[in-house]
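Q: Spelled out from the first residue to the last, the chains are:
There are 2 protein chains.
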Amino acid sequence: MSDYSSIEALRSKGLKVTPQRIAVFEAVLKRKNHPTAIEISEYIKKEHPHISVGTVYKVLDLLVEKGLLKKVKSEKEVMRYDAFTSPHHHLYDSESDRIMDFEDPELDRILRDYFSRKNIEGFRIKDISLQIIGEFHQKNNKKISV
Amino acid sequence: MSDYSSIEALRSKGLKVTPQRIAVFEAVLKRKNHPTAIEISEYIKKEHPHISVGTVYKVLDLLVEKGLLKKVKSEKEVMRYDAFTSPHHHLYDSESDRIMDFEDPELDRILRDYFSRKNIEGFRIKDISLQIIGEFHQKNNKKISV
DNA sequence: CTCCTCAAAGATAATCATTCTCCTTTAAGA
DNA sequence: TCTTAAAGGAGAATGATTATCTTTGAGGAG
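So the sequences go chain by chain: R and Y. Quick note: my numbering has the first sequence finishing at residue 158, numbered continuously throughout. Quick note: my numbering has the second sequence finishing at residue 158, numbered continuously throughout.
Calculated directly from the structure, the hints in this document are not laboratory data. A few of these clues could be false.
Which copy is meant is left open, so a pair is good if it fits within one copy or across any two.
To be verified - Taking lysine-lysine pairs in the DSSO-like style, the calculated list, with each CA pair at most 30 Å apart, reads:
#1 K28 to K138
#2 K138 to K83
#3 K138 to K57
#4 K83 to K58
#5 K130 to K28
#6 K25 to K138
#7 K25 to K57
#8 K42 to K82
#9 K78 to K138
#10 K28 to K42
#11 K70 to K130
#12 K138 to K82
#13 K82 to K130
#14 K130 to K57
#15 K70 to K138
#16 K58 to K138
#17 K130 to K58
#18 K83 to K70
#19 K130 to K83
Construct all of the structure, not just a fragment, from the sequences and the given hints.
A: Set out below in structure tokens:
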């Protein structure tokens, strides 16, 4: 509980150290299976029954912003659809919710080579796609394909 | 409108051909920018003001299931959190909502090499992560790292 | 071509994650 | 210790998605 290192981590980012922040941060550190905000909230209720879900969300956002945690999956919770054409990857603008396609047969070949060499035991691959997160630094609306 | 090929596509999958299905499918084909279900719903309202959102969701799910469309981003809409450690990728079980880590320095090196060679104009990369979708064929709960 | 039947669609309520609002509390520097 | 802006609490609001339940219509049988 209240591991010294998590307090240090918060302080190193110039954040106010509160019991809520310590609890949320340590919950994510402790749990290995990519917990959701709700799961984290349930988990810390055992020790701190008074911490509200809203606070958990706020703390998580803050910790992601400061680089102490990482969000897995979408930046936005919305599902998007794509006509099934050739395999391609996606560029995500971290500043907006813009998504663009990226396709390159060479990349696909490289990945195919790698994964046929490197077998993942107990797992059969059906599809691979890259999320390339970054920033567009010019207005660009056409499909990118190299 | 009611492009012959979309009707053919539906029929080839053994699906009942309805105006709603044609409208939704063609909307996704026509729009290039990864529309959300809501956007599709708005879009087809111009031509078919009576099609309900529920129907749009049902049709999209069906088309994804039949392989005519693809979902971009998360299988579930939930956000998950991860302590920020070394860069790693994720294995998604298509049968459940299980997510596991996958890390391999060699893969990271390959990707780094590729992207430093292949510059994407107008885009500055901040992070890259692979979504590897497939099926676990054994009960496996430990972190996979090759 | 008409009729039948079951799958599909419509309308709307319910659910669930997430965000917002607004009031109260508290960390931490003076 | 005191002050104050930042943080937290409670719960309402929002927005996407799903469920329910009734009505409609696609498409095969005759």
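Q: Each hint should be assessed against the structure and marked as holding or not.
A: Quick rundown of the hints versus the structure:
1. In this assembly of identical chains, K28 and K138 lie within 30 Å of each other by CA distance solely across copies; the values are 27 Å between and 45 Å within a copy.
2. In this assembly of identical chains, the alpha carbons of K138 and K83 lie at most 30 Å apart whether taken from the same copy (23 Å) or from different copies (14 Å).
3. Neither within a single protomer nor between protomers do K138 and K57 lie at most 30 Å apart by alpha-carbon distance, with minima of 38 Å and 35 Å respectively.
4. Proximity of K83 to K58 under the C-alpha cut-off of 30 Å is restricted to the intra-copy arrangement: shortest distance 24 Å within a copy versus 37 Å between copies.
5. Taking CA atoms no more than 30 Å apart as the test, K130 paired with K28 passes in neither setting, with 45 Å inside one copy and 42 Å between copies.
6. For the identical chains of this complex, K25 and K138 are inter-copy neighbours only, at 20 Å across copies versus 40 Å inside a copy, given an alpha-carbon limit of 30 Å.
7. In this assembly of identical chains, the alpha carbons of K25 and K57 lie at most 30 Å apart only when taken from the same copy (26 Å versus 49 Å across copies).
8. When the C-alpha separation of K42 and K82 is checked against a cutoff of 30 Å, the pair qualifies only within one copy, where the shortest distance is 15 Å, while the shortest distance between copies is 35 Å.
9. In this assembly of identical chains, K78 and K138 lie within 30 Å of each other by CA distance solely across copies; the values are 15 Å between and 34 Å within a copy.
10. Proximity of K28 to K42 under the C-alpha cut-off of 30 Å is restricted to the intra-copy arrangement: shortest distance 21 Å within a copy versus 50 Å between copies.
11. Taking the shortest Cα distances, K70 and K130 never come within 30 Å of each other, neither inside one copy (40 Å) nor across copies (38 Å).
12. When the C-alpha separation of K138 and K82 is checked against a cutoff of 30 Å, the pair qualifies both within a copy, at 25 Å, and between copies, at 13 Å.
13. In this homomeric assembly, K82 and K130 come within 30 Å of each other (Cα to Cα) both inside a single copy, at 26 Å, and across copies, at 26 Å.
14. When the C-alpha separation of K130 and K57 is checked against a cutoff of 30 Å, the pair qualifies neither within a copy, at 41 Å, nor between copies, at 48 Å.
15. For the identical chains of this complex, K70 and K138 are inter-copy neighbours only, at 23 Å across copies versus 36 Å inside a copy, given an alpha-carbon limit of 30 Å.
16. For a Cα distance limit of 30 Å, the shortest separation of K58 from K138 qualifies neither inside one copy, at 39 Å, nor across copies, at 37 Å.
17. For a Cα distance limit of 30 Å, the shortest separation of K130 from K58 qualifies neither inside one copy, at 42 Å, nor across copies, at 50 Å.
18. Proximity of K83 to K70 under the C-alpha cut-off of 30 Å is found in both arrangements, the shortest distances being 13 Å within a copy and 28 Å between copies.
19. Taking CA atoms no more than 30 Å apart as the test, K130 paired with K83 passes in both settings, with 26 Å inside one copy and 26 Å between copies.
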